[in-house]
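Start counting the sequence shown at 1; every next residue gets the next number (the UniProt record's numbering).
What the hints contain is simulated information worked out from the structure, not anything from laboratory work.
Fair warning: there could be bad hints in the mix.
[Stated by the list, open to error] Now the in silico label distances, taken between C-beta atoms and shown as ranges:
hint	residue 1	residue 2	range
1	Q260	D71	40 to 48 Å
2	E258	R59	52 to 60 Å
3	S256	E86	53 to 61 Å
4	Q108	L14	23 to 31 Å
5	S281	V261	33 to 41 Å
6	F360	R319	55 to 63 Å
7	I153	V266	27 to 35 Å
8	E99	E48	26 to 34 Å
9	A63	E258	47 to 55 Å
10	E254	K67	44 to 52 Å
11	N272	E66	29 to 37 Å
12	E192	D52	23 to 31 Å
[To be verified] The calculated lysine-lysine pairs, modelled on BS3-like cross-linking and capped at a C-alpha distance of 30 Å, are:
hint	residue 1	residue 2
13	K280	K136
14	K136	K64
15	K136	K118
16	K248	K280
17	K122	K78
18	K27	K53
19	K248	K118
20	K194	K64
21	K53	K78
22	K53	K136
23	K248	K122
24	K27	K67
25	K64	K78
26	K53	K64
27	K194	K53
28	K113	K248
29	K280	K194
30	K136	K122
31	K53	K67
32	K248	K259
33	K78	K136
34	K78	K118
For every residue, glycine included, the Cβ atom is placed at its ideal position computed from N, Cα and C.
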Amino acid sequence: MSKVFTIAEGLENLGALRTGGQGSVYKGRRTGSIYSAIKLIPTPVATEDEQDKNYRNFRSEVAKLEKVNADPSPHVVKILGWGITESGSFPYIEMEYIEGPDLCELLQPPNAKIFTLKALIKVAEQLADALAHCHKVGVKHGDIKSNNVKYNIHNGNYVLLDFGLAIMSEEQRRSSIRHAGAIEFMAPEQHEGKMLPQTDVYSYGVILYELFTGSVPFPLPGSGDSGRNAVMLSHMEAQVPDAMVARKANLPAEWSAEKQVHEMQVPAWLLNLLSTCLAKSPAERYADGMELQEAVVNGSLQAANTDADALRNENEQLRAALDVYRNSVQENQRSEQSHVMLSKPVFTALVTMVVLGIAFGVFAFYTNRDRRDFTSAPVDSLKSGQDTLAGGENDQSSGYPYTPVQKNADSTIDKSPGEQVLPPETAEEETDTVIRDAPQDTTVHIPLPH
1 MSKVFTIAEG LENLGALRTG GQGSVYKGRR TGSIYSAIKL IPTPVATEDE
51 QDKNYRNFRS EVAKLEKVNA DPSPHVVKIL GWGITESGSF PYIEMEYIEG
101 PDLCELLQPP NAKIFTLKAL IKVAEQLADA LAHCHKVGVK HGDIKSNNVK
151 YNIHNGNYVL LDFGLAIMSE EQRRSSIRHA GAIEFMAPEQ HEGKMLPQTD
201 VYSYGVILYE LFTGSVPFPL PGSGDSGRNA VMLSHMEAQV PDAMVARKAN
251 LPAEWSAEKQ VHEMQVPAWL LNLLSTCLAK SPAERYADGM ELQEAVVNGS
301 LQAANTDADA LRNENEQLRA ALDVYRNSVQ ENQRSEQSHV MLSKPVFTAL
351 VTMVVLGIAF GVFAFYTNRD RRDFTSAPVD SLKSGQDTLA GGENDQSSGY
401 PYTPVQKNAD STIDKSPGEQ VLPPETAEEE TDTVIRDAPQ DTTVHIPLPH
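Using the sequences and the accompanying hints, generate a full structural model.
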């Protein structure tokens, strides 16, 4: 099946992408540059006649796949066509080619051994949507495994591929599962060739377990029949290993201690989802993709609400802290309003002005005092040639002897011993003054101008 051969006119075979007991997948190219993936069914069809049982079964299953395309899902590969190969008469279905790694490849180095919780929940949501989309139109995939789910590098979606088993007859399916199926992902009832909606749910659970822990619940020990039988028996009877223990054992060493702690805080709804999907009895699992999707959506919303509640509480705490801060600021502003806050240059200038003002005031004070001392003494004025004493002619209260002075143009001033006579030029400018502080027996004679 791995050899290159003609598929159909206008559809070029570019070689095998994957081969297996359930058929081979080839990369094809239509006229031009449109690439696709072609799934070949290993059982040939003799004639394209409804009387041919194999062809009839094939055509019936293809009709179901066409319903999947009637309302396309971004998480289900698009079916582009179907037919019988020109050489070999093998049935085939042509699907869109998804560029990107599959889940199995995403678990290989240099990637981490396990998915983060955020990435895992994204896969859970999108793959559940794919199953719900298929089950609504009556299509059961039957071959859900990690390398049948691809990550589209162009839009970031996970896409369910390869509907090979979906177009096989019951007998073909039973034979294929017994000898070539991915036994690690098969539900217990598949060993009898049964394929139910709950069968897809079980395989879905195996994928999530693998992404969560880094390994499928029951790995295949070898390629022989004994290994396959042992795995199938484990699916039917053995308890699924504790997912939390397995996850902790495979935490990547390159993750920080904080991230490792965070990644072990697994929501309860996710653990419950795993255990329900991996139940031994189909009746104990989710009934179909629609019920599965509802459980995933409700779990995600519950987690979102929990996060929202935590965020709301945090916001309330921050708001309370902000109120305290605002009150403190307002109190400080009121306190500052009672104090004049000046910059250093302005403060220095004001201090200088105050000092200068004080100095000027002191200077003015002493200057005025000297003037008051000088002008407060009695002054004799000469008016109209008459002599008068300040304070009155008969001022006897001063205790000083009063001697009238006779004015005469030719007269001279008698001078007692010890008396000082002012020079004439000075006498013209000065007022006649009686000095009260002089001794009582001393009379001051005021010289008249010559």
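Each hint tested on the structure:
Between Q260 and D71 the beta carbon distance is about 42 Å. The supplied range of 40 to 48 Å therefore holds. For E258 and R59, the Cβ-Cβ distance of about 57 Å falls inside the hinted range of 52 to 60 Å, so the restraint holds. Distance hint check for S256 and E86: the Cβ-Cβ separation is about 57 Å, which falls inside the suggested range of 53 to 61 Å. Between Q108 and L14 the C-beta distance comes to about 24 Å, which sits within the given range of 23 to 31 Å.
The supplied range of 33 to 41 Å is met by S281 and V261, whose beta-carbon atoms lie about 36 Å from each other. At roughly 58 Å, the beta-carbon separation of F360 and R319 lies within the given 55 to 63 Å, and the hint holds. Taken as a hint, the range 27 to 35 Å holds for the pair I153 and V266, whose Cβ atoms sit roughly 28 Å apart. Our hint of 26 to 34 Å for E99 and E48 holds, since their Cβ atoms are close to 32 Å apart.
Checked against the hint of 47 to 55 Å, the C-beta distance between A63 and E258 comes to roughly 53 Å, which is consistent with it. Against the hinted window of 44 to 52 Å, the Cβ-Cβ separation of E254 and K67 comes to about 45 Å, which satisfies the hint. Against the hinted window of 29 to 37 Å, the Cβ-Cβ separation of N272 and E66 comes to about 36 Å, which satisfies the hint. Taking the beta carbon of each, E192 and D52 are about 26 Å apart, inside 23 to 31 Å as hinted.
Distance restraint check for K280 and K136: the Cα-Cα separation of roughly 24 Å lies within the 30 Å cut-off, and the hinted pair is therefore satisfied. Among the hinted pairs, K136 with K64 is consistent with the structure: their alpha-carbon atoms are about 11 Å apart, no more than 30 Å. The suggested pairing of K136 with K118 holds, with an alpha-carbon distance near 27 Å, which does not exceed 30 Å. At roughly 25 Å between alpha-carbon atoms, K248 and K280 fall within 30 Å of each other, so this suggested pair holds.
Under the criterion of a C-alpha separation no larger than 30 Å, the hint pairing K122 with K78 is consistent with the structure, at around 21 Å. Taken as a hint, the K27 and K53 pair is honoured in the structure, with Cα atoms around 28 Å apart against an allowance of 30 Å. At most 30 Å may separate the alpha-carbon atoms for a hinted pair to count; K248 and K118 meet this at roughly 16 Å. As the CA atoms of K194 and K64 are separated by approximately 18 Å, the hinted pair is consistent with the 30 Å bound.
The straight-line distance between the Cα atoms of K53 and K78 is roughly 26 Å, inside the 30 Å bound, and the hint therefore holds. At most 30 Å may separate the alpha-carbon atoms for a hinted pair to count; K53 and K136 meet this at roughly 26 Å. Using a Cα cut-off of 30 Å, the hinted pair K248 and K122 holds, with the two alpha carbons roughly 21 Å apart. For the given pair, K27 sits about 24 Å from K67 by alpha-carbon distance, which is consistent with the 30 Å threshold.
For the proposed pair K64 and K78, the alpha carbon gap of about 13 Å is at most 30 Å, so the pair holds. About 17 Å separates the Cα atoms of K53 and K64, which keeps this hinted pair within 30 Å; it holds. A threshold of 30 Å between alpha carbons decides the hint, and for K194 with K53 the separation of about 20 Å falls inside it, so the pair holds. Distance hint between K113 and K248 is fulfilled; the C-alpha atoms sit about 11 Å from each other, no more than 30 Å.
For the hint linking K280 to K194, the alpha-carbon distance of about 14 Å falls within 30 Å, and the restraint holds. As the CA atoms of K136 and K122 are separated by approximately 21 Å, the hinted pair is consistent with the 30 Å bound. A threshold of 30 Å between alpha carbons decides the hint, and for K53 with K67 the separation of about 22 Å falls inside it, so the pair holds. About 12 Å separates the Cα atoms of K248 and K259, which keeps this hinted pair within 30 Å; it holds.
Restraint check: the Cα-Cα separation between K78 and K136 comes to about 16 Å, which is no more than 30 Å; the hinted pair holds. The suggested pairing of K78 with K118 holds, with an alpha-carbon distance near 27 Å, which does not exceed 30 Å.
Going down the numbered hints, you'll see the structure goes against none, and every one checks out.
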